[in-house]
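**Q** Chains A and B, in that order, are what the protein sequence lines are.
Position 136 of the first sequence, counting from 1, maps to 136 under the working numbering, and the rest follow consecutively.
Position 98 of the second sequence, counting from 1, maps to 98 under the working numbering, and the rest follow consecutively.
Derived from the structure by calculation, the hints contain no laboratory data.
Cβ atoms here follow ideal geometry from the backbone N, Cα and C, with glycine treated the same way.
Hints are supplied without guarantee of correctness; some may be wrong.
Restraint-style ranges between C-beta atoms, simulated for each label pair [to be verified]: (1) B:VAL82 - A:LYS114: 37 to 43 Å; (2) B:GLY248 - A:LYS114: 37 to 43 Å; (3) B:LYS223 - A:ASN97: 32 to 38 Å; (4) B:GLY97 - A:GLY100: 31 to 37 Å; (5) B:ILE164 - A:ASN97: 35 to 41 Å; (6) B:PRO268 - A:ASP73: 23 to 29 Å.
One side only, chain A facing chain B, incomplete, derived with CB under 8 Å [stated by the list, open to error]: (7) GLY40; (8) GLY44; (9) GLY47; (10) LYS107; (11) LYS114; (12) CYS141; (13) HIS145; (14) GLU146.
Result set (EDC-like, lysine to aspartate or glutamate): computed pairs, CA atoms no more than 20 Å apart in a straight line [what the hints assert, rightly or not]: (15) A:LYS150 - B:GLU293; (16) A:LYS51 - B:GLU293; (17) A:LYS131 - B:GLU307; (18) A:LYS107 - B:ASP271; (19) A:LYS107 - B:ASP257; (20) B:LYS279 - A:GLU104; (21) A:LYS51 - B:GLU77; (22) B:LYS249 - B:GLU307; (23) A:LYS150 - B:ASP271; (24) A:LYS62 - B:GLU293; (25) B:LYS63 - A:GLU104; (26) A:LYS51 - B:GLU307; (27) A:LYS51 - B:GLU269; (28) A:LYS150 - B:ASP61; (29) A:LYS150 - B:GLU77; (30) A:LYS131 - B:GLU263; (31) A:LYS51 - B:GLU263.
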Amino acid sequence: MRNARKVAAIFMVAGFGFAGSVQAADDPIATRQAIMASVGAAAGLGGGMMKGEVAYTPVAGKAAIAAMNAAADSFGSFFPAGSDQGDTGALPAIWENADGFGAELAKFSAATGKAMEAAGKAGPADLDAFKAAMGPVFGTCKSCHETYRKKN
Amino acid sequence: MKKALIVLVALAVVAAGIGWVLSAPTRMSEQQAANLQSGDPVQGELVFWAGGCASCHAAPDAKGDELLKLGGGLRLETPFGVFVAPNISSSETDGIGGWSLTDFANAMTHGTSPDGLNYYPAFPYTSYTRMTGEDLGDLYAFMKTLPEVQGNAGPHELGFPFNIRRGLGLWKRLFLDPEPVIATPVGDGSVDQALWDRGRYLVEGPGHCGECHTPRDLAGGLKLAEWLGGAPAPTGEGRIPDITPVDGKFGSWSATDIAYYLESGFTPEYDSVGGEMVKVQENMARLPAGDREAIAAYLKAIPPVIEATN
Numbered sequence: 001m002r003n004a005r006k007v008a009a010i011f012m013v014a015g016f017g018f019a020g021s022v023q024a025a026d027d028p029i030a031t032r033q034a035i036m037a038s039v040g041a042a043a044g045l046g047g048g049m050m051k052g053e054v055a056y057t058p059v060a061g062k063a064a065i066a067a068m069n070a071a072a073d074s075f076g077s078f079f080p081a082g083s084d085q086g087d088t089g090a091l092p093a094i095w096e097n098a099d100g101f102g103a104e105l106a107k108f109s110a111a112t113g114k115a116m117e118a119a120g121k122a123g124p125a126d127l128d129a130f131k132a133a134m135g136p137v138f139g140t141c142k143s144c145h146e147t148y149r150k151k152n
Numbered sequence: 001m002k003k004a005l006i007v008l009v010a011l012a013v014v015a016a017g018i019g020w021v022l023s024a025p026t027r028m029s030e031q032q033a034a035n036l037q038s039g040d041p042v043q044g045e046l047v048f049w050a051g052g053c054a055s056c057h058a059a060p061d062a063k064g065d066e067l068l069k070l071g072g073g074l075r076l077e078t079p080f081g082v083f084v085a086p087n088i089s090s091s092e093t094d095g096i097g098g099w100s101l102t103d104f105a106n107a108m109t110h111g112t113s114p115d116g117l118n119y120y121p122a123f124p125y126t127s128y129t130r131m132t133g134e135d136l137g138d139l140y141a142f143m144k145t146l147p148e149v150q151g152n153a154g155p156h157e158l159g160f161p162f163n164i165r166r167g168l169g170l171w172k173r174l175f176l177d178p179e180p181v182i183a184t185p186v187g188d189g190s191v192d193q194a195l196w197d198r199g200r201y202l203v204e205g206p207g208h209c210g211e212c213h214t215p216r217d218l219a220g221g222l223k224l225a226e227w228l229g230g231a232p233a234p235t236g237e238g239r240i241p242d243i244t245p246v247d248g249k250f251g252s253w254s255a256t257d258i259a260y261y262l263e264s265g266f267t268p269e270y271d272s273v274g275g276e277m278v279k280v281q282e283n284m285a286r287l288p289a290g291d292r293e294a295i296a297a298y299l300k301a302i303p304p305v306i307e308a309t310n
């Protein structure tokens, strides 16, 4: 009996592992972390150019803004009920104060939408234009992280 | 038998008497108080931001000019109970508008109220005790210019024995010390001493960084041997990070990275500041660039704490 249970447990673990590898897209925690990783990379590129560590080009400026914009419009869809458990930096406040979290996402989205408009087809023409477009996007990071992300 | 009892009672009375004397609230000496003078409110505003006063004493979601309305009300939920930040606006009835400069300085450096009660160290006088008289005078002058806010934020919510303020007198004897924590810069001697000294003053004094970034012992005193080595978050989930120069961790941040973080809120990896540190960073962003460079210089040249025990 005990052995049978053990075997069943092993099969279950194996089964979950298998499902996990096939259905990574169904894992909201992994998905939202992937989105936020692209936000971080876009901020790294944008910030590097603002600080003068990376040479500015309109194409790179546009890439950073577009990545932010795609993230802002999709990120909020990956916080279903129950996904507060697991390897996540999300705080329970996201679910306890869904309206407040939604308002932060809306700010993020509004800022990236405006930046996209400012960027136009070819991207912000010069670094000053890029700073003006991206600055407000950067400003939204911490107002959300202040309340909705675990300290680390 | 009767004799033994008498001796015991006598000893208990003596012990209680000693305890009472040792737990008495302390104040500045008359000489120190006489040297104080109300200063320059413009300089005082910088001291105000360095000290982070608004982070606890303004309304919890305040931004901009609302940060200057110091009506209190923030609830600090800690293992000792809930501390409620009081009104320190210029209201004479509900705030500190009726305080003399000496009252103010005794509160800041001795944790003692004008009517002789001990403050709880949730008010970080254990750090403010390292502030100069000049900065206290400037800060006092600035706070006089701030608006009156009516209303009392309400009492702390503490259980026994933490609700006995007198007992804090003993605690202060153990843990209130105006001496610097780190005596000299650590490293190869290439440090700009004046810059490092300024950074030490800001971090160990008004900035009160150690109050959250240093672990505490069971009595709630800072473990100075693990200064800035990181600690469990006192008021919520997660951990306050180690900000000593440990290789591969905070040590990999350059002085420029640290100053940039305090100015912009972005880490070298372009993660953003979060949690309570957002308020701290926004305060630091209001200081002159040289002060952020000083903080960075200090943090680069203090003993690394490899692994905090708490």
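**Q** Hints first: check each against the structure and report whether it holds.
**A** How the hints compare with the structure:
| no. | hint | verdict |
| --- | --- | --- |
| 1 | B:VAL82 - A:LYS114: 37 to 43 Å | holds (41 Å) |
| 2 | B:GLY248 - A:LYS114: 37 to 43 Å | holds (39 Å) |
| 3 | B:LYS223 - A:ASN97: 32 to 38 Å | holds (35 Å) |
| 4 | B:GLY97 - A:GLY100: 31 to 37 Å | holds (34 Å) |
| 5 | B:ILE164 - A:ASN97: 35 to 41 Å | holds (36 Å) |
| 6 | B:PRO268 - A:ASP73: 23 to 29 Å | holds (28 Å) |
| 7 | GLY40 | holds (6 Å) |
| 8 | GLY44 | holds (4 Å) |
| 9 | GLY47 | holds (5 Å) |
| 10 | LYS107 | violated (13 Å) |
| 11 | LYS114 | violated (19 Å) |
| 12 | CYS141 | holds (4 Å) |
| 13 | HIS145 | holds (3 Å) |
| 14 | GLU146 | holds (4 Å) |
| 15 | A:LYS150 - B:GLU293 | violated (28 Å) |
| 16 | A:LYS51 - B:GLU293 | holds (17 Å) |
| 17 | A:LYS131 - B:GLU307 | violated (40 Å) |
| 18 | A:LYS107 - B:ASP271 | holds (18 Å) |
| 19 | A:LYS107 - B:ASP257 | violated (27 Å) |
| 20 | B:LYS279 - A:GLU104 | holds (17 Å) |
| 21 | A:LYS51 - B:GLU77 | violated (39 Å) |
| 22 | B:LYS249 - B:GLU307 | holds (11 Å) |
| 23 | A:LYS150 - B:ASP271 | holds (13 Å) |
| 24 | A:LYS62 - B:GLU293 | violated (33 Å) |
| 25 | B:LYS63 - A:GLU104 | holds (15 Å) |
| 26 | A:LYS51 - B:GLU307 | violated (33 Å) |
| 27 | A:LYS51 - B:GLU269 | holds (13 Å) |
| 28 | A:LYS150 - B:ASP61 | holds (18 Å) |
| 29 | A:LYS150 - B:GLU77 | holds (16 Å) |
| 30 | A:LYS131 - B:GLU263 | holds (16 Å) |
| 31 | A:LYS51 - B:GLU263 | holds (13 Å) |
Checked against the numbered hints above, the structure violates hints 10, 11, 15, 17, 19, 21, 24, 26; every other hint is satisfied.
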